[in-house]
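Chemist: Here is what each chain is made of, one letter per residue.
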Amino acid sequence: MRRIIILALLLAGMQLILPLGARGYGGQWLLSFGFLVVAADTVGRLVVPIGLPAIVGHLAAGVIFGPQVIGTLSTDAARQLAPVSSLAIALIAFLAGAELRWSELKERGVLLLKILATEMTLVLVAITALLLGMREFVPFLADSPTTTVLVMSLLFASIAVVHSPAVTIALLSETRANGPVARTTLGVVLLSDVVVILLFAGVLAFARAVVPPAASGSTFSLLGVFWEIGGAVLIGGFLGGGIALYLRFVRRELFLFAILVAFFGSEITRLAHVETLLAMLIAGFVAENVSPHALGDALRHAIERSAAPVFVVFFALAGAALDLGAVADLWFVVLPLVAVRSLALWAGAGLGARWGRASLPERQWTWMGLVSQAGVAIGLATVAAEAYPERGDAIRALFLAMLAVNQTLGPILFRLALSRAGELNASAAVTPEVAVPPDRPPDTTLRTT
Amino acid sequence: MSAGFALVLLAIGTYLAAHVAFDWIGRRLLIVSGAEYVLLGILLGPQVAGVLSSDMLESFAPVTALALGWMGAIIGSRFMLTSMVRVPGVTWRIAFAESILTLCIVGGLELVLIRWLFGLSTTRALGPSLALGAFACATAVTGIEFAVRRYGGRGPVAAQLRTTAGTNLFVAVVAFGILLASSHPADRFNSRLLTPTEWTVITVAIGLVGGALFHLLLGNEDRVDRLFISLAGMLTLVSGAATYLRLSPVMASMFFGAMLANTSGQHAEIRSALKRVERPLYFALLIFAGATWRPSAQSAWLLPVLVFLVARGLAKVGGARLVTRANDMLPVLGPDWGRALLGQGGIVMALAVSYLYQDTLALPNVVFTAAVVSVVLTDLVSGRLAASVLVPAQPSVTDPAKASALAEVR
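Chains as they are written, first to last, in our numbering: chain P, 16 to 464; chain G, 130 to 539.
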């Protein structure tokens with residue numbers, strides 16, 4: 016009841032304020048940001064008691080208060096808040112990298128690779144086959160020659176394999192889950208981020224060779240893709256090294272340092288035209304694994320605390336950007352796509368886990384953590400749309416419609432998986448709020464927040 | 130250089146400066162850092178080097194607006210009613226009288242001068258003169274705190290200085306908030322224009338409703354991350370609402386901060402969360418304020434600035450002496466304790482930036498220049514001025530007049 020009152024007061028306040036004010040001097044930006052933090056956080060807390068993750072509430076708040084429903088957050092205001100999303104992606108990627116420990120990779124890397132290989136292959140094949148079968152109903156495939164249909168289906172499928180580190184990290188942080196399913200899901204999702212960029216680059220290069228675009232709007236080159244990946248590794252490595260030095264010699268004001276790292280990382284990668292997510296992931300990995308354990312932990316906790324409002328707004332903005340109209344228009348293609356992708360994930364993750372001799376819960380539940388899709392996928396869809404301008408709008412519309420469903424369904428399934436595996440709140444008792452003493456022995460497990 | 134990258138470099142610079150300059154220089158040399166950031170901003174700004182262009186400054190506006198609100202909340206969080214009721218009545222009388230006297234003297238003199246010098250009507254000249262009166266009223270708390278920490282903060286002079294500095298901030302922020310409410314641009318969305326009183330009430334209401342919502346939002350949670358989300362969200366909302374409505378974000382947030390300090394059981398954590406972000410935002414605000422400075426188009430700009438500096442100095446020192454004498458407290462506080470109130474502090478830059486944001490007020494560059502000059506001149510010496518008052522003030526009870534006055538204070 017309390018939260019309903021908050022939402023009612025907020026909406027009433029915004030309805031009173033919006034017609035009275037004027038643009039300029041950052042007022043609208045701040046007002047929208049503050050409103051989204053409070054409103055999305057409230058809706059997030061509202062859905063938790065009914066068994067849904069808070070992220071779904073944040074997304075729902077974005078949909079409800081966004082331009083498509085109530086409209087308290089206008090399209091213009093959402094566009095102004097775009098830098099928040101860049102900052103959030105950088106923070107999420109850094110946190111994701113910081114979750115990976117070298118010892119963990121050595122110990123469980125083979126299992127993660129086996130799961131990744133099987134689930135990606137199955138999703139790629141299944142989505143390609145489905146699109147081939149439904150070619151007459153898919154807007155960007157209808158009436159095209161078979162070669163084109165095959166290449167475009169493969170291109171679409173190479174985007175459909177993407178997972179969402181943002182949702183995975185945020186949900187693990189929210190539920191404080193820890194255990195085999197949480198660790199395996201996180202590992203697969205993080206590794207897939209690197210693999211998927213390479214896969215997409217390869218498929219796109221192949222597609223351009225086989226089906227040259229009629230008029231290309233982008234300046235795609237293989238060298239560019241290699242720089243995007245290699246440069247990201249290079250910049251991420253340097254950034255991570257710098258952070259490790261700071262942690263070793265300065266160690267102060269980690270809260271502010273965390274925000275600055277994210278700002279700096281996202282700006283540097285933007286200026287250098289390299290993949291932000293990968294660079295920040297590497298930076299987090301290097302910083303965490305080079306620094307003493309306690310200092311790395313302290314930085315991670317500082318980021319989690321300082322970034323909380325940014326994450327809330329990030330997911331609310333993602334909700335506001337969901338194209339409900341496209342889902343309604345393309346439901347007859349979207350629903351089979353979502354179903355087949357989920358089925359392929361279930362089969363692929365299960366087979367991979369068996370192949371890697373994982374525990375029973377990992378075999379049963381890991382696939383549910385792989386359903387979510389977000390940031391990187393949108394970026395790749397945009398690149399594909401730019402590479403094929405004549406089909407671009409149709410590719411992007413179908414992909415965003417599929418993403419809208421996966422984005423909503425994914426967090427619910429992942430929470431359900433963690434709950435079934437008995438891993439919810441497992442790390443609450445052992446996750447320190449402040450830095451652990453420096454003499455603590457190194458952790459050999461992959462930690463979740 | 131892109132705006133985002135400039136912001137990153139600026140943030141790194143202010144972040145490092147916050148540690149090197151603020152702590153080290155402040156503790157050892159009793160120098161309150163602040164003025165140098167204003168100067169740095171002027172040097173980086175469009176008027177000199179052009180590293181920070183006008184477009185870039187415009188894109189930083191949300192950060193500046195948030196900094197204004199954050200400063201307001203920190204000022205508000207100082208007003209703890211439980212501590213305030215323990216301060217003797219005579220201390221409050223002296224503090225309020227000194228504040229109002231400074232406001233009236235500087236504001237009145239500037240009103241006469243601006244009318245005569247620029248040929249403005251009384252109504253039009255009221256804006257800049259009241260703003261300058263409010264600026265004159267404000268006192269830097271940091272310089273006093275540094276001096277009190279070094280020379281002991283338990284004597285009556287220290288108590289008077291702390292109370293007066295807090296009162297000065299309150300009067301300055303409220304006077305400026307009322308000025309913005311009074312000069313609010315006509316609103317075409319309304320069937321009727323809102324009155325200045327209504328805008329003032331709206332400013333206060335934004336802060337108080339924000340405080341109430343904060344409590345609703347937080348509920349019984351005591352986790353630090355929950356507290357920070359609620360605090361950051363509500364403070365952003367309060368600052369954004371006030372800025373969006375062309376009202377004073379400093380005043381709205383001050384009431385928000387005061388409400389949290391007095392109604393929350395976690396006021397220590399709230400103050401600590403506010404303080405955690407305060408310094409970098411403060412330095413960023415000073416640099417943006419410096420960069421925003423533009424020389425006045427008016428050829429006679431120097432005279433109002435000079436009058437402001439001289440009148441403020443006289444009003445602070447003379448006014449403090451006058452009200453102390455009127456309250457029979459000269460034996461305890463001494464005749465010159467008003468010197469310690471001369472430091473201006475970042476709040477004046479915050480108010481001056483707010484003044485610039487109002488397109489309807491007269492002489493924005495003259496007013497802003499007066500604020501910049503005053504901050505640059507007084508900030509470096511504010512700690513030493515406070516120390517010069519505190520060091521000789523060792524009350525002795527051998528004098529019957531002092532004993533009686535001390536008894537009243539205690």
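Please note that the accuracy of each hint is not assured.
Examples of chain G residues toward chain P, derived with CB under 10 Å [as the list claims (entries may be wrong)]:
1. Leu195
2. Gly248
3. Leu249
4. Gly284
5. Gly295
6. Phe357
7. Gly362
8. Gly369
9. Tyr373
Every beta carbon over 10 Å from chain G, so not counted as near; a handful from chain P, in silico [unchecked claim]:
10. Ala37
11. Val52
12. Val53
13. Asp56
14. Pro82
15. Lys129
16. Leu260
17. Arg320
18. Ala341
19. Val348
20. Pro376
Hints listed in this document are in silico derivations from the structure and should not be mistaken for laboratory results.
We treat Cβ as the ideally placed atom computed from N, Cα and C, and that holds for glycine.
Chemist: Work down the list of hints and note, for each, if the structure agrees.
Modeler: Do the hints match the structure? See the list:
Evaluation of the Leu195 (chain G) hint against chain P yields a held restraint, the C-beta minimum of about 6 Å falling below 10 Å. A least Cβ separation of about 29 Å between Gly248 (chain G) and chain P goes past the 10 Å threshold, and the interface hint is therefore violated. Against a cut-off of 10 Å between C-beta atoms, the interface hint on Leu249 (chain G) is violated, since the closest Cβ of chain P lies about 24 Å away. Hint status for Gly284 (chain G) relative to chain P: violated, with the closest Cβ pair at about 34 Å, above 10 Å.
Nearest Cβ of chain P to the Cβ of Gly295 (chain G): about 27 Å, over the 10 Å cut. The hint is violated. The criterion of a C-beta within 10 Å of any C-beta in chain P is met by Phe357 (chain G), whose closest approach is roughly 6 Å, and the hint holds. Among the interface hints, the one on Gly362 (chain G) holds; its C-beta lies about 3 Å from the nearest C-beta in chain P, closer than the 10 Å criterion. Hint status for Gly369 (chain G): holds, given a least beta-carbon distance of 3 Å to chain P, under 10 Å.
Given hint, Tyr373 (chain G) at the interface with chain P, holds; its Cβ is 3 Å from that chain's nearest Cβ, closer than 10 Å. Remark: the non-interface label on Ala37 (chain P) conflicts with the geometry, its nearest Cβ contact in chain G lying 6 Å away (cut-off 10 Å). A Cβ of chain G approaches the Cβ of Val52 (chain P) within 10 Å, the least distance being about 3 Å, so the stated non-interface status is violated. With a cut of 10 Å on Cβ distances, Val53 (chain P) falls inside the contact zone with chain G, its closest approach being about 4 Å.
Not every C-beta of chain G lies more than 10 Å from that of Asp56 (chain P), the closest at about 6 Å, which undercuts listing it as non-interface. Once the 10 Å rule is applied to beta carbons, Pro82 (chain P) is consistent with being away from chain G; the minimum gap is 18 Å. Listed as outside the interface, Lys129 (chain P) is consistent with that label: its C-beta sits roughly 36 Å from the nearest C-beta of chain G, beyond the 10 Å cut-off. The non-interface label for Leu260 (chain P) is consistent with chain G: the shortest C-beta to C-beta separation is roughly 14 Å, beyond 10 Å.
Not every Cβ of chain G is farther than 10 Å from the Cβ of Arg320 (chain P); the closest lies at roughly 5 Å, contradicting the non-interface assignment. Even its closest Cβ contact with chain G, about 31 Å, leaves Ala341 (chain P) beyond 10 Å, as expected for a residue assigned away from the interface. For Val348 (chain P), the non-interface assignment is confirmed: its Cβ lies about 38 Å from the closest Cβ of chain G, beyond the 10 Å cut-off. Residue-level check passed: Pro376 (chain P) sits 28 Å from the nearest beta carbon of chain G, beyond 10 Å.
Figure legend: structure checked against the earlier numbered hints; hints not met, in rising order: 2, 3, 4, 5, 10, 11, 12, 13 and 17.
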